[in-house]
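Next come the chains, spelled out residue by residue.
Number of protein chains: 2
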Amino acid sequence: MPNTPITTDVAIIGAGPVGLFAVFQCGMMKMSCHVIDALDEVGGQLSALYPEKPIYDIPGHPTILAGELVSMLEAQAAPFRPSYHLGQQVMALQSLNGGRFKLITSKGVAIDAGAVIIAAGVGAFGPNRPPMDGIEDFEGMGPGRGVNYLVKRRDDFKGKKVVIAGGGDSAVDWAISLAELAASVQVVHRRPKFRAAPESVERMETLTAAGKIELVVPYQLAALQGSRDKLEAVVVADLDGKQRTLEADVLLPFFGLTQNIGPIAEWGLGLEHHHIAVNPGTMESNVKGVFGAGDIITYPGKLKLILMGFAEAAQAAHNARHHLHPDAAYHFEHSTSSGVPGSVK
Amino acid sequence: MPNTPITTDVAIIGAGPVGLFAVFQCGMMKMSCHVIDALDEVGGQLSALYPEKPIYDIPGHPTILAGELVSMLEAQAAPFRPSYHLGQQVMALQSLNGGRFKLITSKGVAIDAGAVIIAAGVGAFGPNRPPMDGIEDFEGMGPGRGVNYLVKRRDDFKGKKVVIAGGGDSAVDWAISLAELAASVQVVHRRPKFRAAPESVERMETLTAAGKIELVVPYQLAALQGSRDKLEAVVVADLDGKQRTLEADVLLPFFGLTQNIGPIAEWGLGLEHHHIAVNPGTMESNVKGVFGAGDIITYPGKLKLILMGFAEAAQAAHNARHHLHPDAAYHFEHSTSSGVPGSVK
Chain A
1 MPNTPITTDV AIIGAGPVGL FAVFQCGMMK MSCHVIDALD EVGGQLSALY
51 PEKPIYDIPG HPTILAGELV SMLEAQAAPF RPSYHLGQQV MALQSLNGGR
101 FKLITSKGVA IDAGAVIIAA GVGAFGPNRP PMDGIEDFEG MGPGRGVNYL
151 VKRRDDFKGK KVVIAGGGDS AVDWAISLAE LAASVQVVHR RPKFRAAPES
201 VERMETLTAA GKIELVVPYQ LAALQGSRDK LEAVVVADLD GKQRTLEADV
251 LLPFFGLTQN IGPIAEWGLG LEHHHIAVNP GTMESNVKGV FGAGDIITYP
301 GKLKLILMGF AEAAQAAHNA RHHLHPDAAY HFEHSTSSGV PGSVK
Chain B
1001 MPNTPITTDV AIIGAGPVGL FAVFQCGMMK MSCHVIDALD EVGGQLSALY
1051 PEKPIYDIPG HPTILAGELV SMLEAQAAPF RPSYHLGQQV MALQSLNGGR
1101 FKLITSKGVA IDAGAVIIAA GVGAFGPNRP PMDGIEDFEG MGPGRGVNYL
1151 VKRRDDFKGK KVVIAGGGDS AVDWAISLAE LAASVQVVHR RPKFRAAPES
1201 VERMETLTAA GKIELVVPYQ LAALQGSRDK LEAVVVADLD GKQRTLEADV
1251 LLPFFGLTQN IGPIAEWGLG LEHHHIAVNP GTMESNVKGV FGAGDIITYP
1301 GKLKLILMGF AEAAQAAHNA RHHLHPDAAY HFEHSTSSGV PGSVK
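These protein sequences, in sequence, are chains A and B. Residue numbers for the first sequence follow our numbering, beginning at 1 and rising by one. Residue numbers for the second sequence follow our numbering, beginning at 1001 and rising by one.
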């Protein structure tokens, strides 16, 4: 049974980069926040999928690792003392009287919020699993062993025999990156042509010519061989069914992410192609008081860039404040004037 | 007479933070840029007015000095080799055949551009000058001497007798900041009540109670006394005309900025209250191929925050590319995939 509800100004669904920045923006406007995320840590995809990848398009950061950006955003939000409810999904969102909302999480936490900002990215996400019998036996053996769906630390792959499967950016980028330190890197793709960024494909081909990478094309994954605690080989087959056996310590399948906005689809919000449709001027959904920001929303002209999500979070916070206090005139301050709690001017 | 035109993909008017980030975004989409600014250095207001002020609301920078942010943005744009034309205004913008534009600057530089992004902030700006006879004789004596309209380096005011005039955020913030190191700080305001952020006013009052600041209220500036090369005193008068003479090395009048979008008003762009009206989905003005970003534009829901300007620059660049190459499908890449010139992945 849900507990006594926690009361807050704003409930933020999603603790990825955009959700974290929404906390900061709400804080600047004197609104308290509770943040819910399905993952066990803040940062969303940046923490879970590619913490060591450099990002180049965050304004004012010529380059920053995804994990570092998350740390900076968390630090920026911290003075406003948000409460995080991690490892749980919001299962229900109900409208209450007076324009408020009740949220209930999968762990039974109940939150009574004056406004809601949904910054849930692609929703709950997970890797697409290649259809091979018994693959689950090789999952969960740990980084650099068995079947891994992501690289959290490159060093886990040092000296390993690595088989990568897929033809997109992740497959190609990690092939290039791991070629430096793995014992071997073989890339299995069902077509000879890769659909990654042309520059990256070129770099991979240079490394292939230099013997640092082997392209196993056109082949598909067929089977895994090994014991209970160790992967030994990946069996692949060409279009005629002819097989090859690739010795391997670890298989990295990069077949994209399943994206599932899950319970969000059932809250009566207007959707377009699995995205929440918002008003571009306010970031408000068709339900007054429920706003969105980041990859989960759509509006005419929307670009899926983190920095757009930041701007959308600012707009959502601004309009959430108006929903909470429709009559209050807001003395609009630049951060250089008002500072943040604990800052020294 | 204008020289032979320089040909470029995009002309960016304004080298403030938003203009600099527009260079980066255009570069990511393989468009070359020429940037024109009336000031002699990049960074706009951040460089010219408050390089040492901390900013708190740049996503991923819990705190950053305005001048540092400019350096980071300049570094982020640098790999794309923009050309800067500083110390000159764009005087004319003409439409050419084929959707291109010709710009002519006040120094006679002519630029033939495929698209234009106007990121001119508040336009050419300058301080409002208090109406006092002979004030110009005391301007230009250098930092910390005579009449200054801004504080570039606090240290220039060390040990000085400082008179500040005004009742807004700048007057109050600098009174607080300079109280630490000036010989004396007197704040002249024509009303007893200050309209700065309440927290700041409170801090100023605490410093006043402690004898670090003297509030000279309600008084107005009346006259300046001194010699050719030195300010000696500021004469102020109350509403009955009763005068006081304040010993002073430097007067800092903070009566806001004049904002003047200047020649931009004459280019046939749709304006609303001295701002360029743009389509919120594309950042395009009523003239196809002319886009805007940052404080100079307006659209429903516009917030005047630097980070909004960054997002607007991304949208403007994206749509400028479409104007240049209407038929090209764009393989939309995240920066983590494509990198920037010279980056190592």
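These are computed hints drawn from the structure, not numbers from a lab. None of these values were measured; they are calculated from a predicted model. Honestly, I wouldn't trust all of these hints.
What follows is a set of in silico ranges between Cβ atoms, one per label pair, in the way DEER data are often shown [claimed, not checked]: (1) Ala1110(B) / Asn260(A): 52 to 58 Å; (2) Leu303(A) / Ile1006(B): 50 to 56 Å; (3) Asn279(A) / Leu1096(B): 35 to 41 Å; (4) Lys158(A) / Ala1075(B): 48 to 54 Å.
For every residue, glycine included, the Cβ atom is placed at its ideal position computed from N, Cα and C.
Pairwise beta carbon distance, Leu303(A) to Ile1006(B), judged against the given window 50 to 56 Å: Violated, at about 29 Å.
Between the beta carbons of Lys158(A) and Ala1075(B), is the distance compatible with 48 to 54 Å? Distance hint for Lys158(A), Ala1075(B) is violated at roughly 32 Å.
Tell me if the beta carbons of Ala1110(B) and Asn260(A) are separated by a distance inside 52 to 58 Å. Roughly 55 Å apart at Cβ, these two residues keep to the hinted range, so it holds.
Cβ distance range 35 to 41 Å for Asn279(A) and Leu1096(B), holds or violated: This hint holds: roughly 37 Å between Cβ atoms.
Hints 2 and 4, counting from the list given before, are not met by this structure.
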